[in-house]
Each structure stands twice: as C-alpha cells, then as structure tokens.
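Residue numbers (our numbering), protein chains in the order written: chain A, 8 to 411; chain B, 2 to 451.
Worth flagging that the hints you see were computed from the coordinates, not collected in a lab.
Small disclaimer: the values here were computed from a predicted structure and weren't measured.
Among the hints, erroneous ones may be present.
[As the list claims (entries may be wrong)] Selected chain A positions facing chain B (Cβ under 10 Å, derived; list incomplete): (1) L28; (2) Y124; (3) R242.
Each residue gets a CB set at the ideal place from its N, CA and C atoms; glycine is no exception.
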Amino acid sequence: MISWKHRLLLAAGTLGLATWLGYRGECHVMDAAGSKPVTFQSVVRRVMAPKSRNEHIDRLNRIRHSAGRTYANRRETTEAWEIIRAFTIEDVKAGLAEIPRKPERQANEMLTEMLFYRWAQMDPEAAVREAVQPGSYGESYSAISSVATAWADRDPEGALRWAANSQSDMAKHMIGSAAGRALALRSPEDALAKAITEFPSALDDVIFVLARKSADTEEARRKQLSELTTLPEQRPRQLYVEQLFSNALRQGPEKAGVLVDELERAGVPAEEIGRFRAQLAVSSTPYSFRARMEHLAAPESKSIDQQLQSYYADWASNEPAQAAAWAEETGRTGFVEDAVKTQAKNLLRSVWQPGGGTSFGLGEKGIVTQYASWQKLDAPAAEAWLRTMPADIRNHLSRNHAAR
Amino acid sequence: MPRAKSFLSAGLMIGCFGLLGYAGKKAGEQLACSGILQRSAPAEKPRSADTGLRGARAREPVRAELVAASIKRLNALSDGSPRLQSDWEALAQMDGVLARLNAAELAEVFAGVVRPGDENFYLLASKIGAVWMAKDPDAAMKAVLEIGKSSRWGRHLAGSVFGSWLQEEPEAALAWLDSAELPEGPPPHEAGGDFEAPAIGADLKGEFRRNALMNLVERDFSLASAEFLKMERPVEGVDDYSNLMGLWGHEYADDPLKRGQLVEFAKATGRPEDYAALNHDLLKAWPQEDALGMMNYLNELRGYLESDAVPAAARQQVDGTAVAAAIFREYDRPALEWWMERYGQCSETPAPMREAMARWAQKYPDAMLGWFEEQPPSPQRDALASSVVPSLMLQKKFTEAAGTIATVQDPGSRQAAIERLDFLWREQDAEAAAAWQAGLPLGTLAEPGE
C-alpha cells in the first residue's frame, strides 16, 4: 500500500504535470496561425507517416505560423506551392489534417485552397466530396473554388456531368462556372451547342468567354452574333451582347459607343440598343456627386423634382458643403430645407446627443452646414422652423452645446 | 471482502488522480488563455536588407525577346485559366516568368499585359506591380497609380502593391514611403467614383502606412511600434477607421502574448489616448471564455488608472473609455460605482461613456433604470441620465424616459430632454404625449413658434 506521503507527492506531481500539459497544449493551439490540439490520432498519424511527409508538413506549418494572422507573402506562397504541387493524395490529407478551421486565418485558408487544388488535380471527385461534406469543410467556398478550377482545367465535361447531379448548390454553381469557361476556352466552336443541349448550368460562362474571345474583331463578333440569333431562345443572344457591351464599357465609353453603333448595324433590337445608349450616357458623366447632379438637373435629362431632391439628400449627407454651395448657386431652397428637416428628424430619432458622440460625425456636422445655407437662402423660414424644434436641435444649430 | 475493499480504494484513488489531472489540464489551459503565465516573445523575424542596387537594376538593359516571350506567356496563362485567382499552378508559372525580369523589363511587361477592363486586370496589375516595387518602387508606383485612375479600385490596387512589397521587405518599403512623392489624391468620391471603396481619406501616404502597420505588428512588432510613433494620430474618435491602436486591440484580444506587448507599448507612447483607444477595443473583443484573464486585466487597469500614470488633463477621457468598455462587457455595476466615486460631482461625460450608457439602455433597460434609482442626485448622474433618454425614446419606452427625465436635477438638461421627448412622443402617440404634458408644470413646454 502506498503511504500518504507518497500519495500526496504523486497527487502534486499529477496536478503539476497535467497543468503543464494543459498550458503547453493551449499555447500550441493558440500559436500564431493556430494549430489543432494534439490527440491520439494526430500522434499516430505523425509516427506512421514517412519522414519526408512530416518534413514537408513541418515546412508548411512554419509558413503558416510565420504569416500568423496576416497574408502569406510572395516568397511564402511560392514555397508553399512548391511543396504542395509534389504531394500525393495521402500527403494532401495529412496536410489538411494539420490545419485548424477556426479561428480563420488567411494563411491557413490559402494552404487549404492549395491542398484542395492539388487533391483535385489527382482525384477531383474525392476532393469535392470532402469539400462539400457537412461537418468537414461544410461547403467551404475557397475549397470548392479550388477544386472547381483544377477539375475544370483537367476535364471540364466530367466536372459538368458531376455537378449536374450534385446536391450542393454551391458546388453546382462553382463547378458549372469554372467548367463552362474551360469548355469555351478549349473548344469555342462547339461549346455553345454543348452548353445549350447538355450543360445548361455552364451556359452563362460559355457566353462570357465567347464574348471575351470574340471582342477583338468586328468580323468575329458578327459571326458569333448571327450564330446566336438563329437559336430559338433569345436569352443567349441577349446575354452575349450584354457581355460584349459591358466588356467594352470597362475599356472606356468611346469603345463602348463604337460597339453600340456596330450592334445597331448588326440588327440588335432597338430596345436593347436604347438601354445601352442610356447606360453609356450615365457612364460618360464624370463620377462625382456634383457632375451627376448637374447631369440630372439639365433640362434634357427630364428628371422630375422628386428624383433631384432625393439625389440632393444623398449628396448633402455625403458632401454637405459642396451640396450646399451648389444649392446656393442654383437657388434650390426647397432641397436645402428638405435636407435640414430630414437630417434633424434623423438625429432626434437616433441616440444622438449634441456634442456627445463620435458615431454621428458626418450627419451632425452636415446639418449645421445645410442650415447655414438655408439661412442664406431664406432666413425667416429657417429661423421660424428652428423655433419649433426641441432644444437639442436648437442648441446644436446655434452651436450652443453648453446649454444642455 | 478485503480484496473488494482494496479494489474500491484503488479505484477511488485512480478516480481522484483522474480528476486532479483533468482539473490541472483545465487550469493550464486557462493560464495560457489569460496570459498570466506569459510565454516569452518569439525572436523577431529576420529583417530583409535594403536592396541598395535598386537604381542600378532599374538601368539594366531590356532584353526585347525575353520581354515579348514573357508578355505572350503571361497573356496565355491569364486567358487560358478558367479562374485565375484559384489556379495555383498558373499563378506559380506567372511568378516564374516575372522572377526572370529586371526592373526595366517589368515596366514593359506591365504596359504590355495590364489592361484596365480585362477580367484579370486587378490580379495581374498587383502581381506584376508587387515584383516591380521591390526592384524600382518609384517607377512601379507611378505606373500603378496611372493605370489605377481608370479603375474604381485604383487606390486599393496601389495599396495592395505596396503592401505586398512591405510583407517581404518592411524596412526598405517604409524607408521608401518616408521619402516617396505620392500625389495628394482627392477624396475617393472625386477620384473616379470609389463609392464602394472605404473612404479612408485623401492622404495616400498615411493610408499606406496605416494599412502596412495593421499587418506589420504581426511580423515585426518593434518596427511596427517605432513606425506607429511617427504617425499622425487622430485626437478624437475611438471609432475612427484610422484608429490603429483600436484595430490592433480588436485583432489581438485573444492572443495573450501580443496583447501584453500592445498594452505595454500603449502605456509607453506618451499619449494617454493611445492606451484609451487600445482598451476600448481590446476589452470589447476579449474572449468570453477567458473571464479570469479579463478580470485580472480589469484589476490591473484599475490600479493603473488610480495611479498617477495618466496626466490629470486626460484622466477623465481615459477612465471613461475603460469604464465604457467594462459596461459593454457587462461589468457595469462595479465599473459605474468606481466611476461615480471619481466623477460624481463632474457634469461632463466623455463620448465613449455616453455611447456605452446608450447601449446599456438599449440592451438592459430595466437593469439600467434600476441602477439610476439607486443613485443619489449628482451632476454626473444628470449627465448620464441625459445620455440614456434618447435610447429609451428610440425603443419607444416613452413612459420610462419621462420617469428618468423627472429625476434629472439640472434644469437645462431636464428641459432639453422634455422637449425632445415631447417631439418624438407626439410623432408616435399624440394622445399619450398630451396626457404626459398635462402632468407637467405649467409653461414647461412652449407652444411651437413661441
């Protein structure tokens, strides 16, 4: 029988050892980019693994921990992919088993994406099954995206067939999108026909690529358009011209204008052409509140006063001084009055207190600017209104914060 | 029977040891989370040497064939990938192509490959720009800013290119930033319609530095803290986007090691506002499961605030920020008790305290009203009561708001609160408002326009 003295020593030793193990274990879990807790399975997995696998995984862990809570840098990213691109499926699984899912860390996310990409290069079906499995990666966007890219690159039609029967909407969408693009990149001639007849989930992305590929010459565009016009459905053709227009618009309004003329000559319906021209007119306007307001307020724009007032309210909230200057120049007293009244009600209905907080910075200052403008435009009306307001607004607009 | 007894005794002993082991393990985990036993700080990661050959590299001759082949290859990789951002093989091959080019060649490749409007415009521009920055930052940044003008994400692109370089060569990148001549850009609204981009001001250099330091604190704490001291920091606004100390506090609240470093640094910057800003976000983000660590920290904080470490002029603001965070974490009563002891006769309430009281009123109105009932009249009580009234009105608790207002002693504050309550209550329920008005002393509310 163990003596009491020995029992006490043993108890103290157990407590000390357990505390130290708990402390070390938690430090390991919390370290930099985080680690999974050490378990019996993780120890067995490590002991049974070939030495080279453990070395590679250690290098990946070093990269993760070096990045910590930040993105991996260029050198670390290159090194990580150099390691992972040589992995076998077993290596990939062991690598994934090392990376904790929570808390989220950018470097862990990147390595997970690389590992899934590598897995999909070797066995895409197994990779996507793991990526969509609830309780595992549970429809992880980045994992599915990586699998979709690798699978689409390797076998787009196989990927599309799998996606058509998948229960996962996210996998269906992402694989359909990546594989549709890959299909159009590989065989632009028959991609459209295949998408319409066999792979409808890939149609939008096939058209997206076709619009991009045929964007260089008018001849290519005309050919593609006439092919699409013969289809019984209008949607693919509409999608194609919309895509062409949006590509051209991204390259500048001039290029988009030339394209719209060309589409008109090619027989695109007038309604669609009109819509493109309207969009073009908006895009050609410099993108500032003032320019947009001047555009809307011009007689030819035919905007109604309510639209202008609503736009002014938005402007006054974002750029009070500039908005007020414009209103004074153009004599839009009604707009300023409306902005002041709306902002006053908004402040009173919120938890705002005069001079009390930081969260109301812009609105709190903006109303003062707008009210000053209203006073310039119609002082009697502004002051009469102010007298009807609670003291919080009266004091704020007369800058008398101490009165509260 | 004796054998059964010894089995029982052995079983009990094993059970006790098991319990001891479990308790010890849990205690160890708590110690690690709380940071009471601090791990030693890891050695700073090695810093990269400044690439002194930058000027010479920029003058290296252009190998026209290599440039043409690189442009062709990069275009093929970009156009041939179903989704470039997750195509790790294509991205690695791009890195291989770019690694062979000198600064002058990168300039030509950038001009030949990066086209605004292309699907992979942003990715290609940031990838080539990042490599180019490390070799000729002036030329690279100029080109990136120029091409970024035609994109609504131009500022982000420039920030991303600088950030990538900084991740690898922080000292060189920050030294360049000190002397770089960056355009004084207009605010995003006028810079090409960056409505969706965060409006973080017109100061491009300041924006680069803030974003850089946000991440640099992870990799090189001493460099990040030295750079922080060089920054212009806002005097007001703990909720400001540019409040880097608060962002650090929020990010590292669950990391005892970094948390400890940040607290020590914030105390030593010479600006009490820095420590207040750190506490404001650190305490809010402190992990719920680490109650022990948080209590320990709050006790230390209290000791610090009661010492003379904070200059008298800044004391109320610093104390208020800490108390506000404690209220947020539901240590409301002890924190407020301490606050009232110190500032009961003061009629000013710092903004974070007002916000915390308003939030408390929204979340636990009954507890808040109960606390007010227990407070003897004082200028600070009036100030705090005034700060919760709008919150009660927002929740349409007009009767409670009226009750709270009735306890306010200061005539100015009470009158302002009554007028506001009258305005909002009438909007919602004119009859009830009129009934309340009828009970007010004559002349309390003037007729509109009087």
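Results of checking the hints against the structure:
1. Satisfaction of the interface hint for L28 of chain A is found here, the shortest Cβ-Cβ separation to chain B being roughly 6 Å, below the 10 Å cut-off.
2. Annotation: interface hint on Y124 of chain A holds; nearest CB of chain B at approximately 5 Å, less than 10 Å.
3. At about 22 Å, the closest approach between the beta carbon of R242 of chain A and any beta carbon in chain B exceeds 10 Å, and the interface hint on this residue is violated.
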